[in-house]
Amino acid sequence: MPYIDVRDVGVRHGKNETLRHAGFEAERGEIVSFIGPSGSGKTTFLRTLIGLQPVWQGQMGVDGRIVDMAAPASARILREQAAIVFQQYGLFGHMSVLRNLTLAPTVVAKRSRRNAEHEARALLERLGLANKADMLPADLSGGQKQRVAIARALMLRPSLLLLDEPTSALDPHKVRDVGVLLRDLAQDGMTIVQVSHAMNVVSSLSDRIVLLEDGQVRAVGKGRGCAAQQPDIAAFMNTHGGDAAADPAGLRPDPEH
Amino acid sequence: MTGLDFRPVFARLPFLLGGVGVTVLIAGLAFVFGLLLAVGLAVVRFENQGGWRRLSRSYSTALTNTPQLSQIFAVFYCLPLMGLMVSPFLSVVIGMTLNAAAYLADILGAGMARVPPVYHEVALTLGLNRRQTYLRVILPYAGRTMFPALANHFQIMILGSAMASIFGVEDLTGRAYDIGSTTFRILEVMLVTGGLYAVLSFALTGVFALCRRTMERIV
Numbered sequence: 001m002p003y004i005d006v007r008d009v010g011v012r013h014g015k016n017e018t019l020r021h022a023g024f025e026a027e028r029g030e031i032v033s034f035i036g037p038s039g040s041g042k043t044t045f046l047r048t049l050i051g052l053q054p055v056w057q058g059q060m061g062v063d064g065r066i067v068d069m070a071a072p073a074s075a076r077i078l079r080e081q082a083a084i085v086f087q088q089y090g091l092f093g094h095m096s097v098l099r100n101l102t103l104a105p106t107v108v109a110k111r112s113r114r115n116a117e118h119e120a121r122a123l124l125e126r127l128g129l130a131n132k133a134d135m136l137p138a139d140l141s142g143g144q145k146q147r148v149a150i151a152r153a154l155m156l157r158p159s160l161l162l163l164d165e166p167t168s169a170l171d172p173h174k175v176r177d178v179g180v181l182l183r184d185l186a187q188d189g190m191t192i193v194q195v196s197h198a199m200n201v202v203s204s205l206s207d208r209i210v211l212l213e214d215g216q217v218r219a220v221g222k223g224r225g226c227a228a229q230q231p232d233i234a235a236f237m238n239t240h241g242g243d244a245a246a247d248p249a250g251l252r253p254d255p256e257h
Numbered sequence: 001m002t003g004l005d006f007r008p009v010f011a012r013l014p015f016l017l018g019g020v021g022v023t024v025l026i027a028g029l030a031f032v033f034g035l036l037l038a039v040g041l042a043v044v045r046f047e048n049q050g051g052w053r054r055l056s057r058s059y060s061t062a063l064t065n066t067p068q069l070s071q072i073f074a075v076f077y078c079l080p081l082m083g084l085m086v087s088p089f090l091s092v093v094i095g096m097t098l099n100a101a102a103y104l105a106d107i108l109g110a111g112m113a114r115v116p117p118v119y120h121e122v123a124l125t126l127g128l129n130r131r132q133t134y135l136r137v138i139l140p141y142a143g144r145t146m147f148p149a150l151a152n153h154f155q156i157m158i159l160g161s162a163m164a165s166i167f168g169v170e171d172l173t174g175r176a177y178d179i180g181s182t183t184f185r186i187l188e189v190m191l192v193t194g195g196l197y198a199v200l201s202f203a204l205t206g207v208f209a210l211c212r213r214t215m216e217r218i219v
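Residue numbers (UniProt numbering), protein chains in the order written: chain A, 1 to 257; chain B, 1 to 219.
Please note that a few of the clues may not be correct.
[Unchecked claim] So, partial list: chain A residues that the calculated Cβ filter (under 7 Å) puts toward chain B:
no., residue
1, Y3
2, F92
3, V107
[Claimed, not checked] Here are a few chain A residues that face chain B, going by a calculated C-beta distance under 7 Å:
no., residue
4, F86
5, G90
6, H94
7, L98
Hints are computed from structural coordinates only; laboratory data are not their basis.
In this text, a Cβ means the ideal position worked out from N, Cα and C, and glycines have one as well.
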């Protein structure tokens, strides 16, 4: 039985079905990428996995434990096992980097501040941010903000880490850094699901690629380095190779900034 | 300008200065309770559509478009009609609280609208409940941007609390009237009183600057 097993997810907006029978599997420590044209439901699918997007049907198995995603109580259960890094990061601007990391552990998990700060500092150190702990998010670069957002998500000790467009606002060498970091985390046993437009990153990083089209899973490619060779996925990447080639790092203008 | 004689006023300075405390107390109480009420009004406005939101908006519209003095009069005469005997001091505090809540809710509402929408989702996925989200994230973040506007309103309230004297409260202005009517040195006492208001107001500006710096260090 796969570690993560999502099946039959359906999302409706009025009469529109934005997601139909969507699903995927992943083993522990795998990196899964959702790709597809805009409006295909990638981000919606990602958001269902942490209960931010209500679904009318769907189930998710994590390590053999099955959650009915359509049940009202499912959001809380999903959030116990998953953490998400948003495209805009959403670091709290009125708190230091350290407090951003310790807020949930102290306020929600009721851990002692000292204990949480100890873990947070160790994590910042690992991500090369040791000297940024007392800074405000506004004083950080885009790449640093993202690593802080990842660190904040990791403080929740998730078994599933979700990232929405992690490379969209980064310059090329930062994109490689994030790739290295995600690979590192996966090696530690964390399962990672990302939505991405950066095709070269997707093909080099993913253990699985899920191609979505029109709210449905069109194709799944498996295997590190060869997931992108699945014919439908290769075809999609070729037609979208235009932007990957012209924009090799997947550096897209971010409409929010 | 030879007719000015400040000696009778200075002789009664301790009495006059006692009014400063009453003035600060009235404005302070009304500000604190007004702010609490305003948080409720602003959150209701932010979280709800339709009826509740309209009610909260109407409250602000009604109280920001009518004179504060009329509102205090309404409290002063209506509460006894409802069988609640309250002192003039309390009537003024209640009236000013209701008025402050209307203005402060507008200020808070504007501040909360400037909080990045993604904060709500981040808080949700971090596991914070609604109360924790407001207390730890939304209000402190908004508070930072709203601080100047809130401080400004408090200053207006300090000066506006002179209305209390109309209801016989012995605040700074009330005591100034007392001294004026016993010494007949109205102009002199009002000049001194005006000076005291100015000193008070400047001092508060300093206090606010200090508050702001401490706040930034703590959060």
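Going down the list of hints, with the structure as the test:
For A:Y3, the suggested interface contact is broken, since its CB lies about 21 Å from the closest CB of chain B, more than 7 Å. Nearest Cβ of chain B to the Cβ of A:F92: about 6 Å, under the 7 Å cut. The hint holds. For A:V107, the shortest C-beta to C-beta distance to chain B is roughly 6 Å, which falls under 7 Å, so the interface hint holds. The beta carbon of A:F86 is positioned within 7 Å of a beta carbon in chain B (closest approach about 5 Å), and the interface hint is therefore held.
Restraint check, A:G90 versus chain B: the minimum CB separation of about 4 Å is within 7 Å; hint holds. Interface restraint check: A:H94 against chain B, minimum CB-CB distance 5 Å, threshold 7 Å, status holds. The interface hint given for A:L98 is broken, as the beta carbon of that residue sits about 12 Å from the closest beta carbon of chain B, more than 7 Å.
Violated hints, in rising order: 1, 7; the structure is consistent with all others.
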